Amino acid sequence: MHLLHVPLFSALILLGISIHSSSSAKIGIFVAPVSNSIVLYVIRLAEILTADGHQVVIIRPTFNPNATKLVSKNPKIREIRLEPLESHEYFENFTAVEKTIIYGNDSFFDYIPFGTVFNKMKNAACEGMVKNKEFLDGLRNEKFDMAFTHHMSTCEIGIIHHLGISRWVRYMPGVPSKFFLDSCGEFAPSPLVHSFFHASEPHKTFLQRLRDLLVNAFSLVGTVIDERNLNAIFRQNIDPNFPSIDSLKYTSSLCLINSNKYIDYPVGVSNKIIWTGGLEGEVEKRHLDQNLQEFVNNAQRLVFFSFGSVTIASEMPQEWKEAIIELFKSNPTIHFIWKFEEEIEIPLNVYRTKWAPQAEILAHEKTVAFVTHGGYSSLMETISAGKPCLAVPLFADQYRNAELLQYRGLSITIEKNQLTQHGFLNEQFQRLLKDEEYEKAAKRLRDLVKNQPNSIAKDIVFGVDLVLKGTVPLGLPPYSFIELYSLDVVFLLVVTFFFLRIVLPCYHWSCCKMAFKEKVKFE
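Using our numbering, the first residue of the sequence shown is number 1, and each one after it goes up by one.
By construction, these hints were calculated from the structure, which means they are not laboratory data.
Model, not experiment: these values are computed from the prediction.
One or more hints might be untrue.
Okay, derived cross-link-like pairs now, BS3-like style, lysine-lysine, Cα gap no bigger than 25 Å in a straight line [to be verified]:
#1 Lys261 <-> Lys204
#2 Lys354 <-> Lys339
#3 Lys261 <-> Lys366
#4 Lys339 <-> Lys366
Simulated restraints, written as ranges between beta carbons of each label pair [as the list claims (entries may be wrong)]:
#5 Lys354 <-> Phe424: 20 to 30 Å
#6 Ile225 <-> Val494: 53 to 63 Å
#7 Lys261 <-> Pro113: 27 to 37 Å
#8 Pro332 <-> Leu210: 45 to 55 Å
#9 Glu437 <-> Arg301: 44 to 54 Å
#10 Lys443 <-> Gly138: 45 to 55 Å
#11 Val71 <-> Thr116: 45 to 55 Å
#12 Val71 <-> Lys261: 27 to 37 Å
#13 Leu487 <-> Glu92: 17 to 27 Å
#14 Leu500 <-> Phe218: 36 to 46 Å
Even glycine gets a Cβ: it sits at the ideal position worked out from N, Cα and C.
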């Protein structure tokens, strides 16, 4: 009897192994390492896919020389690195323009030269990759089953098409934008999707809708010009008949957004969108180094102060530095961990560091608040940790993120030009700590994220598995602008109404008139 069960049991094991191996795939993930936070997002994504049995290769061109050290500790994850830019001058020019916006009173028009410099860097990097035959042949030899690419450039979409990879995913390591959702084939009207560059509450006013419409129009023009340049690169170096990037970008199988659908502003999307916000809370925590650990051990209350990995805090205006140090001095019983790159005279209650494990510090039981620039990673990490924050948005989507945190009740937003107002920073800081409603809101959102029906990792794995198996199309059916808004139907109704209301009565009147004339003539 046992002899009959042994072969059956062995067969079941072999069947299970074959099913698992058939679902594993080789996946290439393109990353634009402009900042460490973007690299970290990709590493976490790669680790999730690797844990599910997939072979993952991160394709990592060098943009930012300061974002090259961060790598996964998982030995199964490989990297392909290359230098697509002829020099670091492109990135230096990019950061120079970026700095003028971060530390100045930026407006939408200040982003025009920023976008110009950024596009030059992206296009130069694209040309460097497309012209590199050894690089492209190496990718082709990898025989990827699936590819992931980022939101910052559509160049990699062309490379994916050239490699013949039909199943690909686009990810955005930040909050949703109109143009990203549009490229995913989603219905994203301007009033429902919040602009990156301005803060506004869910129900926009007339002026806010007008502003966003103009911003989107300018952005659309820039996108069209950028994609024409990319088309020229592919047609000159790959194939004169290479399809347009605009036609390729709508063919993704799946889209990932690093935000949480329960916390972000509501937006209607299809099953093609997977929300990955909170991924930060699903990774193995790192230990603090010895010096930092001793500082934390000696603290009663702890506050983390960081303006992110992109911002060079030591380059901020002197008035900002003085205002921040004054905040530290005004709160001697609170220990501050300050992300600041250079030596500077600071009070004894401050620990200065060039880099710190942000998620671990925020999750620490002694941490009572977070002073942040409002970057997308910081937004999700402070929510995952359940800590209130003081947000000082400096650049791009940080305004939107700060407004969202304030709207959800766990944050106070300070405009960067208010930092120099005497005592204002400390005044708002005290308000944050003394009003318990901010802490309650933070913990409420933390519990919401923690108690979601599915983990972020499971959602990603399930979505990728669906795409690999080709089970069912997840996105909306493709509609043209005319079809989407039923303009052809409206046109037909207007013509019909015009015909019934005007043409027919005129015809009837003319017929009756002619009949009357004939009758009079006959009499």
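Self-check item: Unsatisfied constraints (hint numbers, rising)
Solution: 3, 6, 9, 11, 13
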